[in-house]
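Protein chains: 2
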Amino acid sequence: LSHNDEDTFKILIATDIHLGYLEKDAIRGNDSYNTLDEILKCAKTNQVDFILLGGDLFHDNKPSRRCLHNCITMLRRYCMGDTPIHFNILSDQNVNFNTTEFPWVNYQDENLNISIPAFSIHGNHDDPTGAEGLCALDLLSASGLVNHFGHSHSVEKIEISPILMQKGKTKLALFGLGSIPDERLYRMFVNNQVTMLRPKEDQDEWFNLFTIHQNRSKHGPTNYIPEQFLDDFIDLVVWGHEHECLIAPTRNEQQLFYVTQPGSSVATSLSPGEATKKHIGLLRVKGRKMNLEKIPLKTVRQFFIQDVVLADYQDQFTPDTPQVTKKVEDLCYAKVTEMLEEAERERLGCLLTPEKPLIRLRVDYSGGFEAFNTSRFSQKFVERVANPKDIIHFLRRREQKEDIKGQTEAKYTAHSVEGLRVEDLVKQYFEATEQTVQLSLLTEKGMGKAIQEFVDKDEKDAIEELITYQLEKTQRHLQARGVTTEQDIDAEVRAAACMGNRAEEVNVAINRAKALRLERGDEPVDADLSRELALDSDEDSVPFPPPARGRGRGGRGRGGRGRGRGELSYYLSQIKAH
Amino acid sequence: LSHNDEDTFKILIATDIHLGYLEKDAIRGNDSYNTLDEILKCAKTNQVDFILLGGDLFHDNKPSRRCLHNCITMLRRYCMGDTPIHFNILSDQNVNFNTTEFPWVNYQDENLNISIPAFSIHGNHDDPTGAEGLCALDLLSASGLVNHFGHSHSVEKIEISPILMQKGKTKLALFGLGSIPDERLYRMFVNNQVTMLRPKEDQDEWFNLFTIHQNRSKHGPTNYIPEQFLDDFIDLVVWGHEHECLIAPTRNEQQLFYVTQPGSSVATSLSPGEATKKHIGLLRVKGRKMNLEKIPLKTVRQFFIQDVVLADYQDQFTPDTPQVTKKVEDLCYAKVTEMLEEAERERLGCLLTPEKPLIRLRVDYSGGFEAFNTSRFSQKFVERVANPKDIIHFLRRREQKEDIKGQTEAKYTAHSVEGLRVEDLVKQYFEATEQTVQLSLLTEKGMGKAIQEFVDKDEKDAIEELITYQLEKTQRHLQARGVTTEQDIDAEVRAAACMGNRAEEVNVAINRAKALRLERGDEPVDADLSRELALDSDEDSVPFPPPARGRGRGGRGRGGRGRGRGELSYYLSQIKAH
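In order, the protein sequence lines correspond to chains A and B. The opening position of the first sequence corresponds to residue 1 in this note's numbering, with each subsequent residue numbered one higher. The opening position of the second sequence corresponds to residue 1 in this note's numbering, with each subsequent residue numbered one higher.
Because the hints were derived from the structure by calculation, they are not lab data. From a predicted model like this one, the values you see are computed outputs, not experimental measurements. The reader is advised that the hints may include incorrect statements.
Stated by the list, open to error - In the DSSO-like style, the derived pairs of lysine-lysine whose C-alpha atoms are separated by at most 30 Å in a straight line are:
| # | chain 1 | residue 1 | chain 2 | residue 2 |
| --- | --- | --- | --- | --- |
| 1 | A | K62 | A | K277 |
| 2 | B | K62 | A | K62 |
| 3 | A | K41 | A | K277 |
| 4 | B | K289 | A | K62 |
| 5 | A | K24 | B | K389 |
| 6 | B | K335 | B | K41 |
| 7 | B | K157 | A | K24 |
| 8 | A | K277 | A | K44 |
| 9 | A | K277 | A | K356 |
| 10 | B | K389 | B | K335 |
| 11 | B | K169 | B | K157 |
| 12 | A | K157 | B | K24 |
| 13 | A | K327 | A | K356 |
| 14 | B | K62 | B | K157 |
| 15 | B | K356 | B | K41 |
Please model the entire structure based on the sequences and the hints provided.
Laid out in structure tokens, this is it:
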């Protein structure tokens with residue numbers, strides 16, 4: 001794709017900027033602000049057509065005054081100015097931008113001189129609250145600094161209307177869905193309550209870009225959104241919420257779309273995912289072709305994480321070695337120093353990178369070792385590390401696992417034996433309800449009807465809340481056990497899921513969703529084997545082809561989605577010429 | 001003054017809008033929003049040159065998201081647009097607008113299309129906080145919707161640089177001082193640490209407008225700002241903070257300036273001051289002439305307050321009358337009904353006025369009467385009154401007063417007798433310190449030096465805080481006694497003040513301030529008897545003359561302010577031609 005082509009959309013892609021994260025920390029307080037500045041400057045330097053944010057621009061639902069002030073100031077500094085905008089919006093903007101009194105894109109406002117429009121969905125950190133359903137983004141939206149889109153006001157049914165954009169000959173349909181509790185959205189997908197509207201005209205000409213902010217990795221049986229749930233007419237999904245930078249698009253072979261996961265631009269935890277080198281993306285779209293250039297962020301604080309299993313150092317010490325704890329501490333000191341040296345080498349010449357890196361050493365001291373005094377250890381690195389107080393994380397993996405299993409089983413037994421209090425009865429009721437709901441997936445009436453029955457009892461909110469509460473509690477329960485690696489969580493979740501046969505139910509749900517898609521007239525995904533690929537290469541970028549459409553799938557061919565949904569599946573607004 | 005004159009500034013004046021006040025109240029929740037809408041609409045209808053706000057635009061230091069969203073939305077709706085602006089700013093805007101990265105007036109920003117610039121100082125409700133010293137207004141400032149001015153960043157010394165404006169031949173110097181704790185500002189005035197800078201050139205041609213947000217009525221010996229403290233070159237003071245609408249300018253015969261007190265636009269208490277009919281002002285300034293038109297606010301909820309002294313109804317009942325409490329309740333019922341009928345008559349045809357008025361009946365039941373059950377009483381008016389729960393306010397004035405005096409004396413005695421705890425010793429120390437500081441006013445070294453001595457001990461903040469704490473505590477103490485009328489508070493304050501001879505000290509302070517003004521070369525205020533008055537009349541408006549300057553007081557005549565302050569007294573920035 002040639003640069004600055006009049007038919008090429010240039011889009012800066014970023015998610016999870018978490019503005020305001022640790023803003024009171026003396027060392028790290030400005031990290032999130034510095035990186036937003038870098039991101040916006042990058043957008044300006046690259047003369048992008050627009051910025052696309054995948055949620056969690058703010059770390060806090062109610063950002064501090066300083067945080068809002070910084071954000072407003074930076075947006076005004078970088079996104080306002082005389083640079084002309086080269087694309088038009090063809091869709092009904094009253095539908096696209098439904099959160100303010102000014103339901104039109106900011107750059108078309110006669111009173112604002114916007115040089116780079118920013119489009120953002122909300123994340124789970126900056127989600128809408130209160131009777132008005134406003135989120136922090138809406139303050140930026142009301143001032144005309146950001147275009148907040150993808151906010152569904154219904155909790156039962158979602159229709160996603162794309163922002164239809166045209167630049168030269170390229171047609172881009174931008175779909176967005178702001179963060180929704182995963183379980184709820186999961187259920188809505190399963191119950192066929194999520195509809196993506198598409199333009200009727202020239203259906204094959206649109207590049208379909210979808211931005212979502214949900215769990216992508218499986219945090220629980222229904223506590224994530226399987227990629228398979230998403231409509232397969234999508235070309236590229238920009239997946240927010242997941243903090244690991246996996247920005248190079250991966251192809252979903254079943255759905256035939258690509259997924260890019262830009263990851264956070266500031267580490268909000270000291271987990272391995274945050275240690276991956278952080279990037280933002282420069283997406284180019286021309287016709288149906290696309291290309292994503294990875295842009296490394298220079299202001300991001302370095303983060304090094306390493307695991308040490310003490311039992312692996314039998315040649316040096318065992319729990320019985322004299323002064324073993326001192327030896328362990330020395331080993332850790334050496335490891336941390338090593339990481340610091342690596343950080344320093346890497347940082348050479350990078351003037352924008354903060355001097356003190358984040359360091360995490362996870363020490364598995366299973367097998368009878370003792371933890372040493374971490375406060376004394378921290379003291380040694382206070383001048384060199386950004387997080388001196390929590391460098392060392394001791395964990396005892398194997399023993400703990402057994403403990404958890406024991407406890408879990410004990411808990412499950414207790415429930416049917418002990419004398420129950422009222423709240424226990426309520427819990428039991430909902431556990432039973434949940435089972436019914438889940439099991440009903442296997443029956444003809446489906447989950448939708450099962451829930452509807454409860455909803456009809458006029459206790460919609462209460463039930464919804466309690467179910468969500470129960471599901472979340474179970475998950476917190478598992479996470480609270482100090483189980484830190486992803487494998488562990490997965491194992492635990494699987495174990496828990498097996499008790500209610502949930503793992504299978506999830507598969508059933510996925511298959512059901514697929515079946516529904518087939519029912520409404522879509523072709524089976526595997527049948528689409530012929531692809532016309534458009535390859536494009538670029539140094540330090542990830543070339544990849546867009547998933548082309550199979551024969552006979554375009555236009556009218558996808559018309560009859562059948563069974564009362566057909567009409568809704570199409571975007572009915574008139575396409576306006578500008 | 002002819003309307004729409006090319007030399008006439010038209011300024012909409014309002015203060016204490018208290019946006020967000022009681023926003024969660026089912027009945028009154030939208031009152032503050034409706035009135036801001038009315039005010040902004042009025043500014044637009046009258047095609048004013050600018051809006052001047054005297055502080056407390058927001059009721060809460062941290063306004064809710066809804067509140068900020070509403071405010072941003074209304075400002076964008078009414079203050080942006082194509083109407084051209086007809087005045088220029090001649091002063092150094094970097095000095096005038098020092099709270100954002102965009103230190104220039106919003107209407108000169110190339111990226112914003114402002115039709116009505118709004119200028120605001122901050123009040124005590126929306127004052128700057130945190131390490132950055134930002135207030136809610138600064139969010140509006142950063143987004144370019146309001147011009148926040150009058151924010152002094154020093155707590156020791158204040159220099160007020162005016163925004164110098166010119167429209168046609170009229171020159172307007174707009175001075176502003178955002179809210180500062182009264183005691184602190186009082187002390188700064190006394191210590192000669194408040195300087196108002198004036199343009200060197202054409203000093204006599206400027207109309208000097210000063211906006212302040214402080215106690216105007218005496219809430220304590222040093223807990224207000226005497227008008228005499230303000231420089232007498234000022235022509236008009238717009239006084240915020242005081243909620244009673246006394247918008248018709250009153251002339252200060254000593255200082256020879258006028259003071260307009262627009263008052264709040266929403267009642268935030270059920271006190272008599274809030275019951276005065278609420279107005280905003282349309283100020284016209286042409287050359288040195290001015291005229292203030294009162295504009296009644298239509299969206300303000302009616303508020304009626306009435307006092308009943310039960311002892312005055314001896315012909316109807318006494319405490320010994322059978323079923324006297326029932327008779328009292330009937331009397332109150334009749335009074336409230338009467339007020340409601342009056343409210344209804346007044347409201348006839350006023351479609352914008354909310355239906356349910358605020359009603360307060362203060363019942364003095366001194367002399368052995370008993371209070372009746374107000375919750376049952378409230379129930380009767382729940383459909384007709386906006387504040388059914390607190391219509392009746394029982395008070396027993398006379399007995400209470402005696403109680404207070406007894407208690408106060410007891411308290412003062414106890415201090416020197418009882419065994420003291422550490423905190424009591426600290427209190428005693430500061431009480432003594434305060435006396436010293438106050439008394440030192442009478443000595444040559446002056447209050448400034450006395451304070452300086454404490455400051456030099458490196459305990460500046462601690463001492464400042466403790467003194468403020470002590471003063472505020474004393475005042476709260478007095479207010480907490482259920483003493484509600486202003487006269488009562490005044491009496492109490494005077495009584496308390498007498499104990500430390502404070503009343504006299506205040507007079508001393510005022511005289512000292514005057515003396516200082518004389519020292520630095522100003523002519524004594526009473527000497528200025530010759531006035532050239534410019535009268536102007538208008539229906540429903542308050543015509544009044546601007547205080548003209550006496551001979552020999554202009555230009556060079558006021559040059560030598562003497563004693564090391566001379567140079568600072570002049571506004572040194574170059575006057576730029578636009």
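The hints, checked one at a time:
1. A threshold of 30 Å between alpha carbons decides the hint, and for K62 of chain A with K277 of chain A the separation of about 29 Å falls inside it, so the pair holds.
2. This hinted pair checks out: K62 of chain B and K62 of chain A have alpha carbons roughly 10 Å apart, not beyond 30 Å.
3. For the given pair, K41 of chain A sits about 19 Å from K277 of chain A by alpha-carbon distance, which is consistent with the 30 Å threshold.
4. Straight-line distance between C-alpha atoms of K289 of chain B and K62 of chain A comes to about 48 Å, which puts the hinted pair past the 30 Å bound.
5. Taking the CA atoms of K24 of chain A and K389 of chain B, the gap is about 43 Å. The hint is violated against a cut of 30 Å.
6. A hinted pair counts as satisfied when its Cα atoms are at most 30 Å apart, and K335 of chain B with K41 of chain B does not qualify at roughly 37 Å.
7. This hinted pair checks out: K157 of chain B and K24 of chain A have alpha carbons roughly 29 Å apart, not beyond 30 Å.
8. Distance restraint check for K277 of chain A and K44 of chain A: the Cα-Cα separation of roughly 22 Å lies within the 30 Å cut-off, and the hinted pair is therefore satisfied.
9. Note on K277 of chain A and K356 of chain A: the hinted pairing holds, with a Cα-Cα distance of about 16 Å set against a maximum of 30 Å.
10. For the hint linking K389 of chain B to K335 of chain B, the alpha-carbon distance of about 16 Å falls within 30 Å, and the restraint holds.
11. Note on K169 of chain B and K157 of chain B: the hinted pairing is violated, with a Cα-Cα distance of about 34 Å set against a maximum of 30 Å.
12. Our distance criterion of 30 Å between C-alpha atoms is met by K157 of chain A and K24 of chain B, whose separation comes to about 29 Å.
13. Between K327 of chain A and K356 of chain A, the direct Cα distance comes to roughly 26 Å. Compliance with the 30 Å bound is thereby established for this hinted pair.
14. Distance restraint check for K62 of chain B and K157 of chain B: the Cα-Cα separation of roughly 27 Å lies within the 30 Å cut-off, and the hinted pair is therefore satisfied.
15. Our distance criterion of 30 Å between C-alpha atoms is met by K356 of chain B and K41 of chain B, whose separation comes to about 23 Å.
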